[in-house]
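Visitor: One letter stands for each residue in the lines below.
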Amino acid sequence: MAFRAAVVTFPGSNCDRDLAVALEKVSGTPALRVWHGDAELPERLDFIALPGGFSYGDYLRCGAMAARSPIVRAVIEAAHAGVPVLGICNGFQVLTESGLLPGALMRNAQLKFVCRTVPLTVENSQSLFTGAYEQGATIHLPVAHHDGNYFADEATLDRLEGEGRVAFRYGDAVNGSQRSIAGVLNAAGNVLGMMPHPERAIEPELGGSDGRTLFESAVKALVAA
Amino acid sequence: MKVRVFVSLKPGVLDPQGRAVHHALEGLGFAGVDDVRVGRMIELDVADATSDAALEQMCQKLLANMVIENYRIEKLETA
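Taken in sequence, the protein lines are chains A and B. Under the numbering used here, the letters of the first sequence match residues 1 to 225, in that order. Under the numbering used here, the letters of the second sequence match residues 226 to 304, in that order.
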């Protein structure tokens, strides 16, 4: 069965092609490309991916304009209907701005753009995005962001931890994120937002293949279902 | 009608930019600055009939991120 994935491109997205390549390499099916101004998503999608970049030039707040674009209204509807949605970097910012994920991503605590490969702990290997990782495994993925400092109030953080919704945690000081949170899931488990870039680590030639496992997890979970 | 919306970080939310500005002020020799927080002011020119409720909605739906920010609306008298 073909894996029908869509990658949304906003003006200013710059990881959309990498994401489409990663999805195609792992699933064997080319990803559909969707433009931000489209009002509707393709039908019968198995997976929606929001890429990194600087949508709308990061005007107002990172992800704020994209979160109000026509296509994201359709993404929100699809997410509520259970379609898996992955937001990476700017895509994560779009997901928090849209209300699909709790919290917000603020300016890095050290105020600097951080661009390097970081160690991460897999905190939840039971989700459809992380099922092929070992629980508690340390993996390495690149980060490249200026606003990845995850913030939520204490009650929200406690709830996220208690419900196993912290998917990934940084293994060292990266950006000042509360409780070193690098990726979070929604309550239903079908939406994941993360600052690190799995699509930039899908084969050893790219410096590592720890990111490939995330796409393999999703394809395996969804195609088998 | 001109309207100004002041968006600021909620109390308790760490403001790295404010902290950097604070350090810079100290570096310039200004003593006695206890704290600095950076916000944003947005100026709108709206129809005179625009309701307060509509302005509130604009702030809550887009201009401020209610997770981390507060807002204050100031209406300027038209000259």
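The set of hints was computed from the structure by calculation and includes no laboratory data. Fair warning: there could be bad hints in the mix.
What the hints assert, rightly or not - Covered stretches of chain A (chain B as the covering partner; in silico rule of three or more C-beta atoms under 8 Å from a C-beta of chain B):
1) 118 to 125
2) 166 to 175
3) 196 to 209
Unchecked claim - With a straight-line cut-off of 20 Å between C-alpha atoms, the simulated SDA-like cross-links for lysine to any residue are:
4) A:Lys112 / B:Gln285
5) B:Lys235 / A:Lys25
6) A:Lys112 / B:Val263
7) A:Lys112 / B:Lys286
8) B:Lys235 / B:His247
9) B:Lys235 / A:Ala74
10) B:Lys286 / A:Gly171
11) A:Lys112 / B:Ala249
12) B:Lys286 / A:Ala74
13) A:Lys112 / B:Arg297
14) A:Lys112 / B:Val246
15) B:Lys235 / A:Gln178
16) B:Lys235 / A:Leu157
17) B:Lys235 / A:Thr156
18) B:Lys286 / A:Tyr59
19) A:Lys25 / A:Gln178
20) B:Lys235 / A:Ala155
21) B:Lys286 / A:Pro70
22) A:Lys112 / B:Phe231
23) B:Lys300 / B:Ala249
24) A:Lys112 / B:Lys300
25) A:Lys112 / B:Arg244
26) B:Lys300 / B:Ser276
Said to hold, decoys possible - Below, a sample of chain A positions facing chain B; criterion: calculated Cβ distance under 10 Å:
27) Thr96
28) Cys115
29) Ala132
30) Glu134
31) Gln135
32) Thr156
On a predicted model such as this, the values are computed, not experimentally measured, just so you know. Note that CB positions come from ideal geometry on N, CA and C, so glycine has one too.
Visitor: Which numbered conditions among the earlier hints are violated in the structure presented, ordered from lowest to highest?
Guide: Those not satisfied are hints 1, 2, 3, 4, 5, 7, 9, 10, 13, 19, 22, 23, 24, 28, 29, 30 and 31.
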